[in-house]
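**Student:** Residue numbers (my numbering), protein chains in the order written: chain U, 1 to 323; chain R, 324 to 646.
Derived by calculation from the structure, the hints in this document are not laboratory data.
Since we're looking at a predicted model, the values are computed, not measured.
Treat the hints loosely; a few may be bogus.
[Unchecked claim] For the chain U half of the interface with chain R, some residues (derived, Cβ under 10 Å), not all of them:
no., residue
1, R4
2, C31
3, G33
4, H87
5, R124
6, N136
7, T155
8, E174
9, I292
10, L310
C-beta atoms are modelled at their ideal positions from N, C-alpha and C, and glycine is treated no differently.
2 protein chains.
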Amino acid sequence: MELRKDPITQSWVIQEEEKSAALETDKCPLCPGHEALCPQTLYIQPLGQSNWQVRVVPHLRPLYRIEGDAQREAEGIYDKMRNLGAHEIVVEHPNHNLPLSRQSEEHVAQVLQAYVARCADLKRDHRFRYITVFRNQGMLAGQDLSHPHSEITATPFIPRRVGYELRSCKRYFEMKERCLLCDIVRQELSQQVRVVERNDWFVAFCPFAPRVPYETWILPIEHHVSFEEDLVNWDRQLLFARLLRSILHRLESVAPAYHLVVHTSPNFAVKTDGDWQSLAEDYHWHFEIMPILPSKSKSYSLKEVYYNSLLPEMAAGELRNVV
Amino acid sequence: MELRKDPITQSWVIQEEEKSAALETDKCPLCPGHEALCPQTLYIQPLGQSNWQVRVVPHLRPLYRIEGDAQREAEGIYDKMRNLGAHEIVVEHPNHNLPLSRQSEEHVAQVLQAYVARCADLKRDHRFRYITVFRNQGMLAGQDLSHPHSEITATPFIPRRVGYELRSCKRYFEMKERCLLCDIVRQELSQQVRVVERNDWFVAFCPFAPRVPYETWILPIEHHVSFEEDLVNWDRQLLFARLLRSILHRLESVAPAYHLVVHTSPNFAVKTDGDWQSLAEDYHWHFEIMPILPSKSKSYSLKEVYYNSLLPEMAAGELRNVV
Numbered sequence: 001m002e003l004r005k006d007p008i009t010q011s012w013v014i015q016e017e018e019k020s021a022a023l024e025t026d027k028c029p030l031c032p033g034h035e036a037l038c039p040q041t042l043y044i045q046p047l048g049q050s051n052w053q054v055r056v057v058p059h060l061r062p063l064y065r066i067e068g069d070a071q072r073e074a075e076g077i078y079d080k081m082r083n084l085g086a087h088e089i090v091v092e093h094p095n096h097n098l099p100l101s102r103q104s105e106e107h108v109a110q111v112l113q114a115y116v117a118r119c120a121d122l123k124r125d126h127r128f129r130y131i132t133v134f135r136n137q138g139m140l141a142g143q144d145l146s147h148p149h150s151e152i153t154a155t156p157f158i159p160r161r162v163g164y165e166l167r168s169c170k171r172y173f174e175m176k177e178r179c180l181l182c183d184i185v186r187q188e189l190s191q192q193v194r195v196v197e198r199n200d201w202f203v204a205f206c207p208f209a210p211r212v213p214y215e216t217w218i219l220p221i222e223h224h225v226s227f228e229e230d231l232v233n234w235d236r237q238l239l240f241a242r243l244l245r246s247i248l249h250r251l252e253s254v255a256p257a258y259h260l261v262v263h264t265s266p267n268f269a270v271k272t273d274g275d276w277q278s279l280a281e282d283y284h285w286h287f288e289i290m291p292i293l294p295s296k297s298k299s300y301s302l303k304e305v306y307y308n309s310l311l312p313e314m315a316a317g318e319l320r321n322v323v
Numbered sequence: 324m325e326l327r328k329d330p331i332t333q334s335w336v337i338q339e340e341e342k343s344a345a346l347e348t349d350k351c352p353l354c355p356g357h358e359a360l361c362p363q364t365l366y367i368q369p370l371g372q373s374n375w376q377v378r379v380v381p382h383l384r385p386l387y388r389i390e391g392d393a394q395r396e397a398e399g400i401y402d403k404m405r406n407l408g409a410h411e412i413v414v415e416h417p418n419h420n421l422p423l424s425r426q427s428e429e430h431v432a433q434v435l436q437a438y439v440a441r442c443a444d445l446k447r448d449h450r451f452r453y454i455t456v457f458r459n460q461g462m463l464a465g466q467d468l469s470h471p472h473s474e475i476t477a478t479p480f481i482p483r484r485v486g487y488e489l490r491s492c493k494r495y496f497e498m499k500e501r502c503l504l505c506d507i508v509r510q511e512l513s514q515q516v517r518v519v520e521r522n523d524w525f526v527a528f529c530p531f532a533p534r535v536p537y538e539t540w541i542l543p544i545e546h547h548v549s550f551e552e553d554l555v556n557w558d559r560q561l562l563f564a565r566l567l568r569s570i571l572h573r574l575e576s577v578a579p580a581y582h583l584v585v586h587t588s589p590n591f592a593v594k595t596d597g598d599w600q601s602l603a604e605d606y607h608w609h610f611e612i613m614p615i616l617p618s619k620s621k622s623y624s625l626k627e628v629y630y631n632s633l634l635p636e637m638a639a640g641e642l643r644n645v646v
């Protein structure tokens with residue numbers, strides 16, 4: 001595999017050179033007792049091989065490879081590089097049949113701890129520009145292993161949507177000297193029409209211009225740039241876990257599948273006073289959840305311009321009423 | 324319906340307020356003899372209601388409405404406007420069962436003439452920033468009416484991908500003082516590995532970083548900013564029609580469906596010396612064709628970063644060999 005840059009959109013495309021064989025296993029490689037099927041452990045809690053609650057392992061069919069450097073090079077006017085990066089699986093629970101939303105608050109907080117630990121660790125590697133934590137729930141979301149799990153990728157480039165986000169936040173900050181997402185949070189909390197649920201530290205709402213019905217974001221109410229620097233103590237992890245679990249419950253009552261994506265600051269690091277610091281002080285970490293509803297194939301007109309058939313004000317009302 | 328702007332990606336979302344009813348007709352509204360089902364004619368060739376070969380009518384379930392102005396306004400820090408615009412159907416042939424690729428070269432050239440005429444007409448309306456001509460071929464591409472047809476939209480904003488394209492072309496021109504797409508054409512013609520077919524004036528190739536297997540672009544070899552200003556005489560229309568028809572034939576042998584999109588300059592107009600002129604001199608019009616292969620639902624990792632399982636060098640070779 002190699003990465004090729006689209007000179008038009010400046011986004012990277014993973015280009016496979018030969019089809020890889022389908023992953024065939026008759027027993028679940030993520031279940032306790034089958035650890036030999038993915039022997040390398042990147043994170044385990046509690047420590048020690050037996051009786052683990054959360055475990056992180058390298059992906060069995062990784063999109064990115066950790067060895068070496070990116071070997072960025074030109075091909076005439078085009079740009080390409082190796083598929084350098086990391087691709088990991090967060091095994092969320094030993095129980096094969098217990099999805100994230102049905103796990104205890106404490107357990108979900110432990111999963112968040114694993115996200116934080118892996119993000120922080122991967123950010124120490126300055127070959128990587130961005131760490132993405134995400135989970136595909138359900139067949140329609142492309143979930144490939146049935147055991148409850150999330151995925152983490154580390155890439156030598158910033159993925160498209162995050163890039164647009166960083167640019168908008170930077171421009172807004174330059175113009176207003178305020179964080180765009182802080183302003184969004186304040187307006188949502190004051191208008192109250194799109195808020196689904198909040199607690200002392202975090203708020204969940206349907207965004208003003210959602211890409212899909214029931215799209216929901218969860219943000220810290222106060223300004224925090226990086227997920228992995230903010231969610232470090234147990235109180236905060238637990239309160240976020242409570243809200244996340246509740247939101248997943250609500251969404252699962254209206255949609256059969258979803259993508260969940262953590263948006264955190266990129267790995268632009270500069271050395272100041274002996275410490276590595278993030279450049280993106282105008283950014284505000286958050287979770288984005290995109291429910292996936294069964295639908296027919298889309299016309300081009302609805303690919304280039306998002307089209308949403310449900311008002312976020314209605315969606316939020318419906319989600320608030322889920323018991 | 325209204326348009327809402329995503330403050331993060333700066334792209335517009337069409338927000339439906341209530342679900343519109345499904346379009347139910349027991350007879351094809353685009354067939355000759357049924358003109359009363361879509362009575363308003365925007366373009367017809369040859370002139371006169373009977374015996375037409377190509378006809379353009381307003382869309383039966385339009386995404387955009389032509390009346391009034393955009394009523395751009397704020398909602399707190401958010402931006403919204405009416406779904407001002409145009410949405411038209413190009414009926415490509417009187418024969419319900421003759422797809423574009425099986426129509427004669429001369430007939431395809433007539434369809435191109437209709438595109439050109441409608442683009443030029445809609446560009447005269449300075450409420451619109453961009454005119455998109457596209458066609459959805461096949462169920463997987465979201466084709467809704469079975470009669471061979473294309474669609475045209477005029478919007479008060481520039482669609483996402485075209486916006487990225489314009490930005491890249493502008494930056495490249497600023498740096499190199501050359502058109503990005505001219506450089507791409509020159510490299511493709513000299514490398515010869517991704518070219519599918521060419522003639523004296525136009526070239527078709529698989530791009531270096533394709534989003535999907537068999538993605539193909541068709542460009543004028545010489546620099547031309549706007550489709551509707553370039554493809555005005557019959558010789559050029561006919562030569563382009565010949566290449567387009569051949570490329571569609573090749574693609575239909577490997578893919579059951581595709582989106583075809585005309586990329587032309589935007590409707591940024593400035594008055595100079597009494598004439599309206601385009602600002603985007605660094606742009607180069609082209610057709611993009613994105614074949615759609617049946618596939619399972621996509622993981623999030625393959626939505627944020629495009630993933631292509633077939634090298635464009637192999638795809639071009641395969642398409643060249645189609646007889």
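**Student:** If a hint holds in the structure, say so; if it doesn't, say that too.
**Tutor:** Quick rundown of the hints versus the structure:
1. R4: With a minimum Cβ separation of about 4 Å from chain R (threshold 10 Å), the hint on R4/U holds.
2. C31: This hint is violated: C31/U lies away from chain R, its Cβ roughly 21 Å from the closest one there, beyond 10 Å.
3. G33: violated, 26 Å
4. H87: holds, 8 Å
5. R124: Because about 22 Å separates R124/U from the closest Cβ in chain R, which is outside the 10 Å limit, the hint is violated.
6. N136: holds, 5 Å
7. T155: holds, 7 Å
8. E174: Status violated, d = 15 Å.
9. I292: The hint holds - I292/U has a Cβ within 10 Å of chain R, the shortest such distance being about 8 Å.
10. L310: With a closest approach of 8 Å, the L310/U hint holds.
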